[in-house]
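**Student:** One letter stands for each residue in the lines below.
Protein chains: 2
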Amino acid sequence: MLKVSLAQINPTVGDLAGNTRKILDYTAQAQKAGAALVVFPELAICGYPPEDLVLKRHFVANNIKSLDALAKKARGISVIVGFVDSDSKGNIYNAAALLSQGKVQAVYHKQQLPNYGVFDEKRYFSVGETLGLVTIEGIKVGINVCEDIWIDGAIYQDQVKAGAKLLINISSSPYHSGKLKEREALLKERAKKIKVPIVYVNAVGGQDELVFDGGSMVMAADGNLMARAVQFEETLLTVDLKAKEHPIAPALDSAEEIYKALVLGTRDYAGKSGFKKVALGLSGGVDSALVAAIAVDAFGKDNVVGISMPTRFNSKETRRDAQGLAKNLGIEFKEIPIGKIFDMYLKTMAPFFAGTAANTAEENIQARIRGNILMAMANKFGWLILTTGNKSEMAVGYCTLYGDMSGGYAVIKDVFKTKVYELCRYRNHISRDAVIPKSILLRAPSAELRLNQTDEESLGAYEDLDKILKAYIEGHASPQDIVALGMNAKMVERTVRLVDTNEYKRRQAPPGVKITARSFGKDWRLPITNRYKE
Amino acid sequence: MLKVSLAQINPTVGDLAGNTRKILDYTAQAQKAGAALVVFPELAICGYPPEDLVLKRHFVANNIKSLDALAKKARGISVIVGFVDSDSKGNIYNAAALLSQGKVQAVYHKQQLPNYGVFDEKRYFSVGETLGLVTIEGIKVGINVCEDIWIDGAIYQDQVKAGAKLLINISSSPYHSGKLKEREALLKERAKKIKVPIVYVNAVGGQDELVFDGGSMVMAADGNLMARAVQFEETLLTVDLKAKEHPIAPALDSAEEIYKALVLGTRDYAGKSGFKKVALGLSGGVDSALVAAIAVDAFGKDNVVGISMPTRFNSKETRRDAQGLAKNLGIEFKEIPIGKIFDMYLKTMAPFFAGTAANTAEENIQARIRGNILMAMANKFGWLILTTGNKSEMAVGYCTLYGDMSGGYAVIKDVFKTKVYELCRYRNHISRDAVIPKSILLRAPSAELRLNQTDEESLGAYEDLDKILKAYIEGHASPQDIVALGMNAKMVERTVRLVDTNEYKRRQAPPGVKITARSFGKDWRLPITNRYKE
Numbered sequence: 006m007l008k009v010s011l012a013q014i015n016p017t018v019g020d021l022a023g024n025t026r027k028i029l030d031y032t033a034q035a036q037k038a039g040a041a042l043v044v045f046p047e048l049a050i051c052g053y054p055p056e057d058l059v060l061k062r063h064f065v066a067n068n069i070k071s072l073d074a075l076a077k078k079a080r081g082i083s084v085i086v087g088f089v090d091s092d093s094k095g096n097i098y099n100a101a102a103l104l105s106q107g108k109v110q111a112v113y114h115k116q117q118l119p120n121y122g123v124f125d126e127k128r129y130f131s132v133g134e135t136l137g138l139v140t141i142e143g144i145k146v147g148i149n150v151c152e153d154i155w156i157d158g159a160i161y162q163d164q165v166k167a168g169a170k171l172l173i174n175i176s177s178s179p180y181h182s183g184k185l186k187e188r189e190a191l192l193k194e195r196a197k198k199i200k201v202p203i204v205y206v207n208a209v210g211g212q213d214e215l216v217f218d219g220g221s222m223v224m225a226a227d228g229n230l231m232a233r234a235v236q237f238e239e240t241l242l243t244v245d246l247k248a249k250e251h252p253i254a255p256a257l258d259s260a261e262e263i264y265k266a267l268v269l270g271t272r273d274y275a276g277k278s279g280f281k282k283v284a285l286g287l288s289g290g291v292d293s294a295l296v297a298a299i300a301v302d303a304f305g306k307d308n309v310v311g312i313s314m315p316t317r318f319n320s321k322e323t324r325r326d327a328q329g330l331a332k333n334l335g336i337e338f339k340e341i342p343i344g345k346i347f348d349m350y351l352k353t354m355a356p357f358f359a360g361t362a363a364n365t366a367e368e369n370i371q372a373r374i375r376g377n378i379l380m381a382m383a384n385k386f387g388w389l390i391l392t393t394g395n396k397s398e399m400a401v402g403y404c405t406l407y408g409d410m411s412g413g414y415a416v417i418k419d420v421f422k423t424k425v426y427e428l429c430r431y432r433n434h435i436s437r438d439a440v441i442p443k444s445i446l447l448r449a450p451s452a453e454l455r456l457n458q459t460d461e462e463s464l465g466a467y468e469d470l471d472k473i474l475k476a477y478i479e480g481h482a483s484p485q486d487i488v489a490l491g492m493n494a495k496m497v498e499r500t501v502r503l504v505d506t507n508e509y510k511r512r513q514a515p516p517g518v519k520i521t522a523r524s525f526g527k528d529w530r531l532p533i534t535n536r537y538k539e
Numbered sequence: 006m007l008k009v010s011l012a013q014i015n016p017t018v019g020d021l022a023g024n025t026r027k028i029l030d031y032t033a034q035a036q037k038a039g040a041a042l043v044v045f046p047e048l049a050i051c052g053y054p055p056e057d058l059v060l061k062r063h064f065v066a067n068n069i070k071s072l073d074a075l076a077k078k079a080r081g082i083s084v085i086v087g088f089v090d091s092d093s094k095g096n097i098y099n100a101a102a103l104l105s106q107g108k109v110q111a112v113y114h115k116q117q118l119p120n121y122g123v124f125d126e127k128r129y130f131s132v133g134e135t136l137g138l139v140t141i142e143g144i145k146v147g148i149n150v151c152e153d154i155w156i157d158g159a160i161y162q163d164q165v166k167a168g169a170k171l172l173i174n175i176s177s178s179p180y181h182s183g184k185l186k187e188r189e190a191l192l193k194e195r196a197k198k199i200k201v202p203i204v205y206v207n208a209v210g211g212q213d214e215l216v217f218d219g220g221s222m223v224m225a226a227d228g229n230l231m232a233r234a235v236q237f238e239e240t241l242l243t244v245d246l247k248a249k250e251h252p253i254a255p256a257l258d259s260a261e262e263i264y265k266a267l268v269l270g271t272r273d274y275a276g277k278s279g280f281k282k283v284a285l286g287l288s289g290g291v292d293s294a295l296v297a298a299i300a301v302d303a304f305g306k307d308n309v310v311g312i313s314m315p316t317r318f319n320s321k322e323t324r325r326d327a328q329g330l331a332k333n334l335g336i337e338f339k340e341i342p343i344g345k346i347f348d349m350y351l352k353t354m355a356p357f358f359a360g361t362a363a364n365t366a367e368e369n370i371q372a373r374i375r376g377n378i379l380m381a382m383a384n385k386f387g388w389l390i391l392t393t394g395n396k397s398e399m400a401v402g403y404c405t406l407y408g409d410m411s412g413g414y415a416v417i418k419d420v421f422k423t424k425v426y427e428l429c430r431y432r433n434h435i436s437r438d439a440v441i442p443k444s445i446l447l448r449a450p451s452a453e454l455r456l457n458q459t460d461e462e463s464l465g466a467y468e469d470l471d472k473i474l475k476a477y478i479e480g481h482a483s484p485q486d487i488v489a490l491g492m493n494a495k496m497v498e499r500t501v502r503l504v505d506t507n508e509y510k511r512r513q514a515p516p517g518v519k520i521t522a523r524s525f526g527k528d529w530r531l532p533i534t535n536r537y538k539e
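Residue numbers (the working numbering), protein chains in the order written: chain A, 6 to 539; chain B, 6 to 539.
Chain A on its own, in the form it takes in the complex:
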C-alpha cells in the first residue's frame, strides 16, 4: 500500500501565486518524508470559497495556469490538488487533479454540489460526470471532493464498484462546534460499508466568517480511525498505510475547540488582509474580556490595544476591571473619557430634543461616540477594530448600530452569552493566573448606558434567552414549539419578535467566526422586510 502525505494547508482566497508556492513547499516536504502521494484540500489553488471571483473568466484561466505550473514540477511524487476547472462551453467545475511525471494525469469534477447553509456551489459549478478512478503506484484509487462522500450512494460507491482499493476525499469543510466528530462518524460508516480505507484531507484556516479546522484523517477499511492530524494548524501528516501504528492527534474538548476556532478565524481575517495590530473597546464586561484574550492569543500582547471610554454611567468597578484585564494580559491600555463629547452632543441636540423624554437616542449617542473614537484610532494608526458583541445580543438587537457594532471583525458574534462565560472560564483555566478578573465573571452584565441598567432586566435570564434563541435560530422552531419546551410564553414571544425586527442591524454587522450550525452569516438569509408572525 501507499505512503501518503495529507497536506493540511491554509490557502488564502485569490492568492494563486502564494497558494501555489505553499503547495510546492509541502510537496517537497512530502517527498522528503518518502511519500508516493501528497494530497491537498478542495480548491487549494484558489482558496475556498472563492465566491463570485469564479465568475471572472480570467480568474479561472489564471488558476488553471497555476495548476499547469504545479504539474510541470510534479516529478517523483504524485499530487492530488483541488482547483477550478473549465470546459469549452464555459462551464466550470469544482475539480481535483492528479499530477505526476510533469503532467496533469487525470481530472475529477465534483458531483454533489452543496447549496444550503453557507454553501452556494450550484451558483457557480456544473455537475461532474467523470468517474474519478485513477491508478497510483499500481493501486486503483477513487478521488472525490467533500460533499461527494456525504451523500449516501454518491460517486464513492461507483468508484469502489469499479475497483477502487483506496478513496481520497479532498475537502474544505467549514467548522462548527462538534463537526470533527460528525466527519469521523460519517467516514467510519462509509469505510465499514465499502470496506476500503479513506484518506480525508481538510483545509485549515480562516476565510471571512468561515474557519476550516483541519483534523484531516485516514479511516481504515474496518472503520477504525488509523491516523488524524491536529485541528486548527497547518501540518503535513504522512501515513504509511501498511504500518501498524500511526499518529492520532487527540480530540479537543468543546470549549478548547471553539476557543481555537475563534483565535484562528480572527488571526486569519486580520493577517490575510494585512493587519498587524488590533484594538478593541474594553468595557470591564465579560464580552470584551473574552475578545481581548482571544486577540492576545491570535496576535501577541504587543499587537493588541485595549481602550476604555467611560462616562458617568460606568462604575468604578468596571473601569478598574478594564484596566486590570489589560494589565493581566500585558496589553497597551488607553482610557479616553467621553463625557465632554457626550455633553456637547446633548447641548447641540437640546433644541431639537426639547420636550422629549430620554430614550435610546441618548444611550446610543454614547455607544456611537465610542465607535467613532475606535474608528478614528483605526484610521490614524492602521489598526483593525474588533467588536465585542455576542450572539445573544446580535440576535435580539441589544447592541448599537454604528456604536459597539463598529469594527472590522466581530469575534464572538456567533457565541451565545452563556457560552461566553464558559469560554472565559476555559481561558482562565489554561493560564497559571486567572487573566480575566473574577469580578468580571461575577458581576451582573450591563450595557452601562444609563444608571443601574442590567441586561437581564431588559432581556430575561440569559440561561433562558439562549435556550429560546438556539431553538429559534438553529432549530427553525415556531414560538409554540419553544413554549412546548417549557419556556415562558411571554418571553418567547418577545424574544422572537426582537430577533425578527432586528434583522436590519445584523445586515450591517461586520463578519465574525461561525462556530454554530447556524450563524448570522451566509447561513442566515432572512428578509429585512418581513411581516410574518405565527
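To be clear, the hints were calculated from the coordinates, so they are not data collected in a lab. Computed from a predicted model, the values in this text were never measured in an experiment. Hints are all accurate, no fakes.
Copies of the same chain are indistinguishable here, so a pair counts whether it falls within one copy or spans any two.
With a straight-line cut-off of 25 Å between C-alpha atoms, the simulated BS3-like cross-links for lysine-lysine are:
#: 1; residue 1: LYS281; residue 2: LYS27
#: 2; residue 1: LYS385; residue 2: LYS345
#: 3; residue 1: LYS527; residue 2: LYS186
#: 4; residue 1: LYS265; residue 2: LYS475
#: 5; residue 1: LYS527; residue 2: LYS127
Please arrange chain B on chain A, whose structure you already have, making use of the hints.
**Tutor:** Then chain B, alone, in the frame of chain A:
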C-alpha cells in the same frame, strides 16, 4: 377564448393574512369585470423572495392554510396563484395552484430554479415534475412559473405539445434598467415559435433591495404585444382574448423608469416596515438632492426632513443650496452645525494623535458625527434615515463607514454618479420649476471634509470612472480588458484595487434599490479576504 384578469399585485413578504386579503379583493374585482380567470404573481401568498422563511416548516404550513382558505372562496371564477407547496417527504416547491369551485383543482411545481444573480432558488426548492396542463372553460392551458419560460425548450414546450392553447406564466421578476424590453423580446420570440398566446403576470413592489416593476402583458400567438399593464403600480388588467383592441400602457423612457423604481423601492422598504417619516442629511450636493426628491415623491413633502450639518469646510454656497433645495421641495429643514462637537473630539483625541499628520481619521470623525446625529434624530422620533451615497462611491469606498453610510436604506447605492446627474435633470424636467437648484448640478462634486477638496481630484473624472466600474462590475472584465476599451491604465489599476479593497465597507452598507444588472446586493458575492490580483 377566455376573458382573463392579470392581477398585478404588491404582496408583502411574510404577510400571509394581508396578501390573502389582497388576493380576495382582486378576485372580486376581476369577477366584477366579467373575467373567467384571474391570475396572480409567483409566490403571491407569501411574497417573493421569502428566503430562509421557507426553512420554517410552520411558515410553509401556514401558507398552505392560506391557499386552502382562498380555494374555499373561489367560486364563479378560476384563480391561478403562486404559493409554496410541500410534499410528504418534506420537499418544498415554488408552485402555482388553480383554484375553482371551492377547491384546489391542480398544482404545478416550477421546474427551472434560478440560482444565479440575486436568486437562490436551489437553496430551497425541489425541481417539479408535473406537466401543469389544465382545462379552464374548455380551453387547455399550460401553467408555468417565471424562469420556466426563460429557458429554451423548458416545460412550456411540453405543455404546447400536449395541446395547450394558452400559456400562463406567473412571475416575480426583479427590475433592472431595460428589463421590460428583455421580457417583451423573450415572450415575442416564444409566442411566435409555439404559436399560442402567453399571459404573463408579474408582481409589483419593493422587497429589500429588489423592485418588481409589474409591466404584466399578453403576447398574441403571432408575437404581437396584445396588452400591457402599467409599470410600478398595482393594477388589474382585464383582457378579453377575443377582442381586437386592448390597453397597452406606454413604455417609459430610461430615466423615468429608473426614477420610478427608486421611488417604489424606497416607499415600500419604509412602508412595509412601518415607517411613516424619513430624514436625510442635505449636503448641498447632487446625491442628497436626488435622494430628497425621491423621498418627497415616495412619502410626500410633509414626511421628509432634510438636515444640514455644516462645519467650517462647508462653503456658503453648498449651505445655501441645501436650504434652497429644501425650500423648493417644501420639506422641513434643520441646520445642526457640528463644529463644536468636532472640536471636542479633536481636543479629546489630541493626546493620542500627538505628532501625527492629519489624515482620513480627522475627515471621518466629521462624517461619523453626522451619522450619529442623524441616528439620534431617528432614535428620538422614529424616522427612517436614508443614506445618499451613489454606486461610484460605494464601488471605490469613497464614503465613510458609520458616517455617511449610516442609515436604513441606501436609495441610490446602485446609481452611478453620471446617472445621478441624469436623474436630477429628469426630475427637474418633470416639474414646472427646477426643484434641484442649477448651482448644485454645476458645482464640482466635493465631500467637503477638508478645504478645497474635490472628488475628481481623488478619483479621476466620473465619466471615465463610471465606464471602468461598469466594465469591472457588470462585465466581469479584467483590468487588461478595460484598458483595451481605451481607458487609462493607471486609473484602471487604481480603480480596480479600490473596488477590491473596499469590500468590507460594502458588506456593512444598508440595502438599496437594485437598478442595474449587477448591484452591490445579493448579486455581488465577493470575499472580503481576497488576495487576487490579475
